[in-house]
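Protein chains: 2
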Amino acid sequence: MNEFSFIEYLRKRASNIGRVPLGIGDDAAVLDVAKDKQLVVATDVIVESVDFKISELSPEKIGRKALAVNLSDIAAMGATPKAFVISVGKPPHVSVAWLKRFYNGLFSLSKQFDVSCVGGDFSSSKEFFASVTIFGEARPFQIVKRSGAKKGDWIAVTGALGGSILRRHCDFIPRVMEGLFLSEHFTPTAMIDISDGLVQDLTHVLRSSKAGVVLDLDRIPVSLDSIKLNAGNKTKALISALSDGEDFELLFTVPAWQKANLTREWKKKFPKVQLSWIGTIIGASRKISWRRNGKPISSPKLPRQGFSHF
Amino acid sequence: MNEFSFIEYLRKRASNIGRVPLGIGDDAAVLDVAKDKQLVVATDVIVESVDFKISELSPEKIGRKALAVNLSDIAAMGATPKAFVISVGKPPHVSVAWLKRFYNGLFSLSKQFDVSCVGGDFSSSKEFFASVTIFGEARPFQIVKRSGAKKGDWIAVTGALGGSILRRHCDFIPRVMEGLFLSEHFTPTAMIDISDGLVQDLTHVLRSSKAGVVLDLDRIPVSLDSIKLNAGNKTKALISALSDGEDFELLFTVPAWQKANLTREWKKKFPKVQLSWIGTIIGASRKISWRRNGKPISSPKLPRQGFSHF
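These protein sequence lines map, in sequence, to chains A and B.
Adding 5 to a residue's 1-based position in the first sequence gives its number in this note's numbering.
Adding 5 to a residue's 1-based position in the second sequence gives its number in this note's numbering.
Calculated from the structure, these hints are not laboratory results.
Misleading hints may appear alongside valid ones.
Each pair may be met inside one copy or between any two copies, as identical chains are not told apart.
Derived lysine-lysine pairs resembling DSS-like cross-links, with alpha carbons at most 27 Å apart [said to hold, decoys possible]:
#1 131 / 105
#2 17 / 66
#3 105 / 17
#4 264 / 215
#5 58 / 105
#6 233 / 58
#7 116 / 17
#8 215 / 17
#9 58 / 131
#10 131 / 66
#11 40 / 116
#12 42 / 116
#13 156 / 215
#14 58 / 116
#15 292 / 264
#16 241 / 300
Predicted model, so just to flag it, every value in this text is computed and none were measured.
All chains, please: the whole structure from these sequences, using the hints.
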């Protein structure tokens, strides 16, 4: 049993207890709180030995990232982030001065997105970890799940992908404004933030939506970092863009008739954020078919997907 | 700087960002979600090397406790628990089978209190940890903070105290029903769950409420476990009752005129749960004065209070 099958096991067990609009298995859970308002909840934990080395990353960047990955989850629901709590494990090799700098990075981003730190807990521990739980709000019809992609929808992705390890995995700006713009002015049918890699996260959408997809390999936005990381090798850079984790860009689907208008409005609203239409949703295959210049091609060879913590 | 002064430092910093009815510094935070409803949020983390030894406690008990301590926080606010998320760090020495048993204990308690597990996160880690964030609901006037104790109020405590290490720290039943009964039918002015020890948690209430207290040493409810732990020595057992952590009983204050009625109604509603009136709130000294059989006595010698994780 790996991490993903264990989560599926937990999802089934948990679904017997209580009733919520959306539980385990999306970027965030959804709870009813009022007639016209739903609560969106996401949680992410970062651990010293797994996600970063304390010697290699500044405490400010680690603190910033602990919150940023959670903001990205709220963005992927099309919701407005409001507040968060944070539990921290403090090992002996982490000083109070280090911890203050960690919170400096965290609070600086929380100020930028106007989300309040409303609580937390401390424990001593053998290695540093930080578990953030974030709350957002949305009107019921505003929330975008992973499960609504329909045949004929177009798929878009924000920004440029791959090579985030060079820089962006720490200083990316969570696509909160972009997610809200989409959920408030259009009707995206599915949305996810790209944390595990484009292909893997797209697979999550396809499974939830019970749909397949045709992707245009020549429309995948490859980042300059991806080209740099792969020493200028364009084929390798493209593979990076398809499979590297921690891009934290938004991947979403919309009905075809919204595509032209969305493209136009996006350019006005976010002139500096690239928007790429990379393919369309087809029938219920749950698979990815590939095209280049409009012609079917075989699947590119990707590195083994699915980092499991188990 | 110890853990408590660091939390105070964070509280001041966090208060500049956003506006919430109640942020860092109580058993739980309070957020406005609707006109007639507030969201109550608490978080607690348990760590293998600090809170338990995996070899000494069954996984079911550890899972149960991870949720129970959070339910206790919601109880102390007089709110109704609704849902939770959980982040888990899984070290190599913890198997999937162990983890399933951990969740068995957790889900069994969540079913008992009808709270849904709505999400979570996994990471590998060097030692096991579990960070639970719980959400509750309450009507705005129902919420009981630590800060409202007034001169003349009586102080009560549920259950019997001390020696929880023998048994109760794992299998205590969170006082959710009792907390709700108090917040719905009476007007408790302050409430806290006893997690750090009676005297220390009472000190939190006094500091928040800017009040002092006279405690009747002969009215402190000493548990049988406390007597057992102290090999029958009654003086030592009393010290345990005053200072042992993890009792998870409720300590609360009410206006004097509610005392008789509350005592009567409590006996009907919770015939098996002891309720002890242990003292009264006095002026703004923020200190504890002691009495025995109505006469002033000097303060009992307590072990050094205030376990700091720093």
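| request: Give me the numbers of the hints this structure contradicts, sorted from smallest to largest. | output: none
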